[in-house]
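These protein sequence lines map, in sequence, to chains E and V. UniProt numbering numbers the first residue of the first sequence as 1 and each following residue consecutively. UniProt numbering numbers the first residue of the second sequence as 1 and each following residue consecutively.
A portion of the hints provided could be inaccurate.
Unchecked claim - Cut-off 20 Å, straight-line C-alpha distance, at most; resulting in silico cross-link-like pairs (SDA-like, lysine to any residue):
(1) V:LYS215 with V:SER171
(2) V:LYS256 with V:GLY273
(3) V:LYS433 with E:GLY75
(4) V:LYS455 with E:LYS7
(5) E:LYS7 with V:GLY273
(6) V:LYS433 with E:LEU68
(7) V:LYS542 with V:GLN576
(8) E:LYS7 with V:GLU116
(9) V:LYS433 with V:GLU448
Bear in mind the hints are in silico, worked out from the structure with no lab data behind them. Note that the coordinates shown come from a computational prediction; the quantities given were computed from them, not determined experimentally.
Residue-level listing of the chains:
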Amino acid sequence: MESTNAKYVSQKISKTRWRPVSSSALQQPHIFATGSWDNEDNKISIWSIGDHGLPGMEDELEGDPQLLCEYRHDGDVLDLQFLDQDRIVTASSTGAVTIFHHHQNSQTISVARQWARAHRNPCDNAPCTGVVCNSPEIVTVGEDGRIILFRADQEGAVRIIENADSNSIHAVTFLRTTEILTVNSIGQLKLWDFRQQSSSPSQILSLTGDRVPLHCVARHPNQQHIVATGGQDGMLCVWDVRQGNTPFSLIEAHSAEMWEVHFHPTNPDHLFTCSEDGSLLHWETASHSDMPSFLQGGRNNSMISRSAMAPAGGNQSLISAWLAGDSGKGRLETTHMLPSQTLSVNSLDVLGQCLVCGTDEEAIFVNRQVPV
Amino acid sequence: SQFTKLLVPVNLISAPTSDTLCLCLTHTHTPFLTCFNSYLPVCVSGATGSGSSLIHVVRKDEDIYSPILRKLFNESHHIFVGLQTIREDLPSKNKKPQFVSISKSYRSVIRACMEELQQVSILLAIELIWNLCEVLFIDAVPAGSLLLHLLDWVRLHKADVDEKAREVLQSESPVEHHGYWDVVVSYVLQGRLEEARQMLAKQAAQQYADKNMYKLMDNLLSKMPVYNPGSIHTLTEFDVKWRHWHEEVDRCLQDKSFASNVHLELICKILVGDEDTLLEHKELLSTWYHFLVTRLLFAHPTIKPTELHYYAQSCMAMFLDSRSAPETLDSILLAAFDFDIHQVIKDCSIALNNWWFVAHLTDLLDHCKLLQSHNLHFGSNLREFLLLEYASGLFNHHSLWQLAVDYFDHCPEFGRVYLELHIERVPLDTERKALKVLRICEQRQMPEQVRSICKIMAKRALRNNRLGSALSWSIRAKDAAFATLISERFLQDYCTRGTFSDLDLIDNLGPAMLLSDRLTFLVKYHEFHKLYGEKCFTEAAKLLLSLITAKIAPRSFWMTLLTDALPLLEQKEVSQTHPHLSLGLCDITQPYL
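Between the sequences and the hints, there should be enough to build the whole structure, so can you do that?
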């Protein structure tokens, strides 16, 4: 595996995201955005790792990210998503939601639109903690327990679900075009259907009796009922949202908060997680079956610490295959992606063969040869 | 001078004497500070007994370093943590190469920063000092290799020779370039005899008259013995060979073999180590320590580490003007040649306005077991003292405080106390930051700090009417009193609005509800209403009865509970199927109706 070198950037990185590549181009991504946090002057920055040269070329120097442009950001960047090739949406600790426009010709950034106090509390700021886009729709969540639906071209909010959650919402993702999933600080996964007018979730899932805060949620790219979450105890949970109240798999992934979990967008047998414990893990199923091992449910023998009950009505044949101790199926391989332990890895993104992540040690790591 | 001195009267923490080094710190808020915006090292000068001593506050002139210095701090933090985890049980001969490698890592971080900065003066000085310390203390090479390492050291810090050489070689006619002979002489002064020979060959090619002289010089240059640490020959054997060569060079001088060519004669004098000739080229040498190394190269190549200080002193004296006092840097280097590690650290602490350098260097030297325990008046050892001061400065930085935690972790005596004090002052703007701070506290078993942080977050949530959040924070803090307070707010809300809020939370508290009586009551009371709503009147009645008898309801709620009991009494299910329940409720409610 190619060694990944740190690039020190003088700012603690809270989020890194690849700019999407058009599917027709079949290129590897080479532009990514980062957001900083805990600075007096925070920034969003856009970086390039150069176009890929010929395969096999010695490209260590070319892999070094170069800063293209940056722009000041009011408050910590708590979430960052590309709306499209040119626009980035950020969630701020001030409660603001901002659309930035990256002008590729002049390599400058400007503010296209801002909803300054989208999330707010009566007395203090309410940080906006998560944002997810499905252009032109933008959904944001925050510590005020609100869920807000925006459209990029509209000035006001399209819909606000007040008091959606009694606790802080930590992350949001789309399940389907009209449904979203949120996770909160008391370990609940909530499904919201925008087609319904009520301000209650259509479904709530959580580990029974468990209130461990959840920090991240990701949906399987192809199978829309499969969702992965990570939380304060570093446990990776895989859920089937059709199946009810318990996760399908529980894996002791990290020894501290898991901040992000991502399925690989085109190769979802691969999963990536990063954590406060300073590690970034690449999970790869070594199973020969069609369904990746962590979707087969049940215990991961090497790691688990608590029991996962067989979901009611679950696919019995798969589960029994797992529990039957058939070592040929259901093996999960884990690889550390970073050369050595650092401070918290706050964010990662993976696209094609490229992985980028940012840490609290003010470093960015790029790996262009992720084995997927 | 690269340092500016200000004279400012400053409050001291403890009264100093003029003899002791008082490393006490004050917090100032003057605008010229670097990214350590809280303190500067001060030293006391002035006579003992004088009423108010004046303090010299030493600072750098420019303040442009901040973003680049951050890279230094982060990268060196990574190296520091790696150093602390080197296994103690390895034999020291295995550890030495690791320590040297770590020293080189630190230095490469310094050099990386230097490359990014326009003004490099202070980092250059730091790297110079560190490099010398690595050679003398960490690598601690014996005689023979010592000179080679010192040569490398000088060459690394005198890079302008290569620039000049490039300029000369790229000119139309290098041998006629005005800088040509300067380059040749500079090469010789640095012991780069191969390169000197190559340059001279160009001259020789055009000088038919002096051809033999050039050949002779080339011969001398090619034959100078260079110590090879890996060879089978001992130092003594090398010494003998070298003396032979030296005598040969001397003979050339005596024979006046180069007398007709002033340049070659000069080079010959340098090769024989003639001090006066060397001193005539102060401009090319530019520093007394270059002079020192050159002099040793051509006069005492087998110099032993213990002999260094004598030559260092005399070279400095010879080189510097008797009028000008030695600069800070010179004293530090001299102390290093003296192998006085403590003096080096002391002088660096005074001269540099942040603790980065002395803290990391001292830590490394301590790992090499080179520091005897040097007790300061409050009992901690030198390494720990410097690390604590460095880390305290980091903690005052809005962003770099996270690095400081690891430094405190590796200060066995006071680190924990310092961490406990500092961690509570980190501003908590977002929940995410609070969670990171909590993780730090929980990992180190600091329950007081955990409670205090959770309480702050709970209060903030309560202030913003985020009762659910406030309750969660109270539960995490195991703060029964606050949980009670919040439960009462929930109950008040219920009374005013008639419905419960935040049911997703209350329904899912699990065992956490036992934290406080009031909280338990809240959960159970809601459960009662749910049961009633689902028409499970028996269960509801049982629950209500237990709630009343358990006496965990707040006074203000007794009337409500009793009122709730009334419709239950009318329910056939209760009165007919479970008469004892009904009786029980009657008994209790009777006195009040």
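Earlier hints that do not hold, by number: 1, 4, 5 and 6
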